[in-house]
Each structure stands twice: as C-alpha cells, then as structure tokens.
Amino acid sequence: MILYLLELKNITKRFPGNLLALDNVNFNLKPGEVHTLLGENGAGKTTLMNILFGLYKHDKGEILIEGKKVNITSPASAITHGVGMVQQHFTLVPSFSVAENIILGLKKTGRFKIDLRNVVKRIKELSDLYNMNIDPNAKVWQLSVSEKQKVEILKVLYEEAKIIIFDEPTAVLTPQESESLFQAIDMMKNNGKGIIFISHKLKEVIRVSDRVTVLKNGRIVGTLDKGNLDENELAKMMVGRDFLFNIKKTPANPGKEVLKVENLVVKNDKDILAVKGLSLTIREGEILGIAGVTGNGQRELAESIAGLRKVENGKIKFYNLDITNTSVKRRLKLGIAYVPQDRKETATCPNLSVAENLFIRQKNKVRILNKKEMLRNSKKLIKKYSIIANNEKQPIKFLSGGNMQKVVLAREFELSPKLIIVEHPTRGLDVQAMEFVYNSLIDARNNGAAILLLAGDLDEVFTVSDRVAIIFEGRIMGYVEPEQSKVDEVGLMMAGVALEA
Amino acid sequence: MLHLKLKIEKRLEHFKYENFLISVVSLIISLVIMGIFIWINTGNFADVVETYKELFTWPFFPELGLVDTILKMIPLALIALGLLVVFKMKVWNIGAEGQLYLGAMATTWGALFLFKNMSNSISMITLLLIFGAIAGALWALIPAILKAFLKLDEIVTTLMLNYIAVYWLNYLIYGPWKDPKGFNFPLTAVFPKNSWLPELGDTGIHIGIIITFILVFVTYFIMYKTHLGFELKIIGDNPKAARYSGISIEKNLIIAMIFSGALAGLAGSIQVLGVQHRLQHGFSTGYGYTAIIVAWLARLNPFSAVIVAFLFGGLLVGGEQLQIVMRFPISMISALQGLILFSLLASEAIFKYRIKITKNDPIKIGGEFNGNT
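Quick note, the sequences are listed as chains A and B, same order.
Just so we're aligned, residue 1 is where the first sequence starts under our numbering, counting upward by one.
Just so we're aligned, residue 502 is where the second sequence starts under our numbering, counting upward by one.
FYI, nobody ran anything at the bench for these hints, they're computed from the structure.
Among these hints, one or two may not hold up.
Below, computed lysine-lysine pairings styled on BS3-like, alpha-carbon distance capped at 25 Å [unchecked claim]: (1) B:726 to A:371; (2) A:363 to B:589; (3) B:752 to A:310; (4) A:317 to A:267; (5) A:68 to A:162; (6) B:741 to A:270; (7) A:333 to B:734; (8) A:371 to B:589; (9) A:371 to B:679; (10) A:139 to A:270; (11) B:726 to A:267; (12) A:397 to B:591.
Computed spacing ranges between beta-carbons, pair by pair [stated by the list, open to error]: (13) B:824 to A:93: 47 to 55 Å; (14) A:370 to B:624: 52 to 60 Å; (15) A:114 to B:653: 36 to 44 Å.
Here are some, though not all, of the chain A residues that point toward chain B, as calculated from beta-carbon distances under 7 Å [said to hold, decoys possible]: (16) 328; (17) 329; (18) 332; (19) 346; (20) 351; (21) 360; (22) 361; (23) 367; (24) 368; (25) 369; (26) 373; (27) 375.
Note that the structure is a prediction, hence the values are computed from the model and not measured.
Where is the CB? At the ideal position from N, CA and C, for every residue including glycine.
Kindly generate the complete structure, drawing on both the sequences and the hints.
Below you can see the structure in the form of structure tokens.
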C-alpha cells in the first residue's frame, strides 16, 4: 500500500535574474484526495506545477511518484508517468472534433491508422461516468467555454492520468458551471485519482479541498486539513507578515482632496463587471492602501484611474475636475503617475534602452527630441535610484526584475506627480529593494503626493499605508487603521465578511 | 550513458558591425548558390565568372550603366524611406507599389489635363510632385483608417489595393488616356516639356536625386530626432507600453502611413516626370515590392537605405545587361533577389542564435527503454 501518490521533495527553482521562484518546497498527494495549492499570483503555484508537468526543470529536489523517483523532462514524459494537467488556457484545435482533439499527440492509437470508433466509444463512457454530456463527434469550435474545459478534462482522463492538476479552472466558469466541475472532481477523487487544485478563490477552495497548502513568495507557509479550513485563516496565511523593515514613517498630514472616486463600475478583460460601484477618496500627503485577495477588482480599479480602462459608470475626479474616461496623455499632464503590476508587459519596452524607458511617459510640448539631455538625465537617475545597469544605453530587457522596477519607479517619481497609483510595487524584489521602494513612497507622500497602493501583501499595506481599505468583489468592505491588532478584521473582510459598524 | 541534447538559444553578446557582416555574408551565400545554378544551367564555369563580372562592373561604371543605376536607385530609395517609417512601428505596408501607381496617375492627370498650359516650369513641377505625393498618401490612408478603426489587417488591404491601382492605370492607358498618335500602344501622350524634371548638367540624371537626398535627412530627422519617431519606436517595441504612455497608436499609424504613401506617390511622380515623360504600361518594374527588401536590408536606417537602393538599382541594371549579354531570362534576376532576401533571413537566424549542446541524464519513459540502449 502506497501512502503517497506523489511527493515533491525540496524543490528549488531559480529564474534568470536570480529570482528565487521556489525555495525548498515540499508537497505531497494521497490517492483519492484533493490537495489545493493556494497563493497569490507569483507565489510559485504555477511554477511548481509546470515543474511537475515537465515544462520547467527544477534546480534542486526530487519528484517521487508512487514512491519511485522519476525524472520528468517534458509534458509527454509527465503523461507517461500518469500526470495530467488541465491548463488555464485551452490547447484545442477548433476545427477538429472532440475525439480528434483528445487523441492528438497520443501514440497509443495505432501506428498508421487511427481507430476513431474505439476512441469515440471510450470518450462516451468517460463522459457518461462523470456526467459531462459531451458529444465526441462535435467540433470544438461549436462548444462553449465550459464544454471546452470538459474536453480538456476528458483528454486527461483518456490518458489515464492518476494525478490531475487543475490550474485555476474556475477562472473561466460561472458559479453554476463551477459547481458541476466540483462534482466531477469529487467523483474523480472517489475513483482514486489524486487531484491538485490551484486557485486563489477561498470559498471554492474550502468547498473542494481535503487539504490546502499555502504558498507565498516561493515558500510553503503551511498546510491545513479539511476540518481546520477557514477563510479568515487562509487569507491571513496567503498575505501574512514575515519581514520587518526599517521604514522612517512619520504620521500623515493630509491636505486637500486629490482623488475622488464615486460609484465606479468597470469591466475586466472578459467583459464581466470587476469593480461594482466603488467609492474612495485620497488626500494630499496620504497613502491609501488597498488590501484584498487578487482578482477582486484591484487591477481594474488602478487601470481605470490611470486611464487605461473604460469606466462603465460612476465618476473619477481629480482635484474636483472630472477626468472620467479622459485620455492617458491628459492624466499624465495633470500629474497622475502609475506603476502597473506587470513591468515587462506594460511598463517597459524590452528592446529600448534604459534611458529611453526612463522617458517614454514624458510629455513635452517640444516635438524635438533632445537625446543628449535624455542621456544626461538618465545617468543622474541611474545614480539617484541606484539602478544596476551596464550603462544607460543597455536594453532594459537585460536588467534584473528589481532594477527594471527601479527604472519604472524612477520614471514615475520624476514626473513630479500629484497622484501615484502603485500596483504590486515590490513583487519579485529582494528585501533591500523593497525597503527602498517603501521609503520612496513615503518620501513622495511627505512631499504632498497622494498615493493609492494596491498590493496583495497585507504586510506591504500595513507597512506603508496611512489608511487601509479592504476590497472584496469590486467593493470596499471597510477601512481600518494600519495597526497589527487589526489584522484579524482585515482577514475577515478580505474573505467577504462585512463587519458591524 | 550520456545523452547529448541540442538546444537553440538567443545569443546575448553581439559584436561590432554585426548587422553589416550579416548582410555581406548573406549576399555572398546567395551569389554562390546562384553561381552553382548558372553553372549547372550552362554547363560552363566560365559563364559564372562572366556573369558576375558583368553584374558587378556594368552597373557601376560611368561610361557603362551607372546613370541607369542611379535612375533606378531614386524610386527605390524614396519608397524605402517611407516604408522604414511604418516598418518601425511594425505596420506592414506592402502597398507601396499601388501608392506609386497612384502618384504617377495623379501627376499624369495634372500634366496632361489640369495644368497642361502652365508656363512657369518650376511651379508646374512643384505642383505635379505635390499632386503625386498627395495621391499616394490618400491611397495609403485607406488601409490606415481601416486598420486604425476597424482593425483590418494592413497586409491584406495594402496588397489588394495594389491590384486596384494597377488595373485602374491599365484602364486609363488602354482607354481614355491613350495617346491618339501612339500607334495603339498602351501609353499616354508625352507630357509638355515644362513638366519635365531638369537634368543635373548633362549627366542624364534628373533632379529627383536631390529630392531623394533631402528626404533621407528628413526621414533621419523624423525617426531619430523627434517625438514622433520615438513614439513609433515605442509602438513597434511594445504597443501596450505605448498605450500606457498615452501614445495614440491610431494617430501615429495614420501619420506614418500618410508619410509612407506620400513618398511612394512622390516616387511615382518623379518616375513619370523624370524618366518616361509619359505614363505607360509597366512603368514600374515592381519598385514598390523591391523597396520592401531594400528597407529591410538597410535595417530601417535611412542612410543605409540609399546605399542598399543603389546596390539594388545596380542589380536591376545588371540584370537587364545579363539579358542582353548572357541571354538570361528576367526571372533569373528575380530569383537572385529572392535568394538574397532568403539568405539574409537565414543568416540572421544563424548569427542571432546559437546552438548549445547540453548533456542530459538518460530519460526513462515508462520503462519502455529498459533494454540495451
């Protein structure tokens, strides 16, 4: 009798730029259980699963399947070891039928001739077994999103996977569809499969899991068993405190009202409402921290204030001036700086030099570019913000994540903004760099800027903010003072529990 | 037992003159391949030597084909200058041929009908050149607007508009604009002398070359010294970052396409006013397409574009000469052009990437290879 279907021992993975993505991670899975990996974006969940599925190679540690050490080098070898993954993004060929998609890439279907009839029969059986109601002969383009996901699941089942990874499967589903997915997962569990479920939605994690392991910054925070699962506890584990910083923070001295958001309604990329009637205000010389579990509308809120996302309803006012749905250019001129969360995708141009990246958001009246001045100023900024680069002409893509972030921060601070929106400013940075970022934010505040800080990390929010607002499902649940004793309240509100006023 | 695994990865370090070297190496490779082809075709190695001797001497010596080469360089360089501005923002205007045709047609309309009685030569020429540039710009504006507001793919629309332009021109020269005294050939009447571009002395080279050189500096200035050029560069590298920086992609797209179309239109205008002095069937030997290769080989640098355009002009003139001397078909020259572009792309891949050999432990897959591997 094997106790563990899967054991991951001391898995360590370092990414280029010396970013420690996984640090001595241990994880195991019993047959017939659902073991959830919970954590913020960037905590290392997906990296860990990609190692198990053969997409990345770990630097240290070992993988044991049914007690035997295995070497998984590719998805194909993962599949032969009985590991299947239902990916977040589907990998189906739209013009092929369900059956054709399922056998795509499999070698068991005969050398020359594909015996599709048996395949169809087997898929029908599996589909009936798990109440999926999928016609194996339907073309994939005719299917809905949730049906496509069922095809992905059938594919994994067809491959006879013993270990099935679900990478944020409910991100694309409605609550009803999610519930039927959970029923299917329960059945798989009862048939002796081991399920690894990845998510950051607390409610559904509690609904589906037998055990939950929380991952933060590449390390295991802890594991809870079914009896002890509690939204508040999980939320705290996800975003909990673990360092102490040397921050020079004086009490805030708030001045005039800078930003006023009234009943804001914004949609996300999937055209679903993400911010649902949110209101807040920030004054000069004040940092408002927003605490919340990722995906509760933070990104959409930040983007709508920065001018990158359309406001469906409500108003955004800047010094009493209505700036709802005005251009980014206008907001830059007014002095609204924005540090987005994805520095590589949005905040920088990878092939442009450090100097050029320091100036992409500069809005001058003069249409002539003064290269000499640009280079001279960049040299100064590189020194001032201690950015480590060969020189100012080096393409920014060769900089480490922390230094790239410093370039972004330098650029935004140099706009001498009146309002700074900062999203996950320290993701992937080391402690020293984090301290630098925090002190820079506080300096900007002391100079009279209003700052909106959106972070997944309670620690960050508590360290820097003057006031903390808790966001849940696109609304502000309440405000607290950033004091250690309030962490429990925050945890509850992050989980969606409203507090009595 | 160790398994060796080949891995292809991007080289991080780059050496000086790398781009120049890539271009030279790819040119040599394509000439070698073409040489082998000629050798097989004629069965005589001396023919290969003779071909290349002709190809490299004739177009570049004053008493021989140099003037022809320069005359071909002018439209190629002008179009390429416009193209590199749009290519910089990764918009693929392959409709320069059509924009060139529109420029030529508008100029012809002006020269033969609208301003045919103008007495001042300078103002007539200026007017006709502007006319051509506007027509080219408007033709390029169509796909620009379709892309900016309807997200239609510009590769398809610009290419389709080329055919419309070609057939429109054919209609005009076979129909309403056909020269009544032209023995039924598909060409218009000769333009009034007042509209002909003056020559530089008696060199046989018209003043289009001066316009070209001025525009090299203009393009250089726009691309490297203005915010417009900087914005195009940002859009080309990361459109998301451009949006985040408050740069209007649509506005820049339209400006860049207008510039590109105007230069192609101007090239068409200069071609009819400076060389043929009339509009005729096949007045362009695919300059609009060849200029794409020119812009690309020049790596979007305006100064290199002139040099590459000169070399390509030479290749075209040399090709014509080879038809006469070596009796090669014209398709041979097209094949050589294609080979150059192809080997350029291939050597870029070879230079920019390297093959790394990594050692791996043997991979066991489900115990299938437990035997004597």
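#### Entry: Earlier hints that do not hold, by number
Going through the list in order, the structure violates hints 9, 11, 14, 26 and 27 and respects the others.
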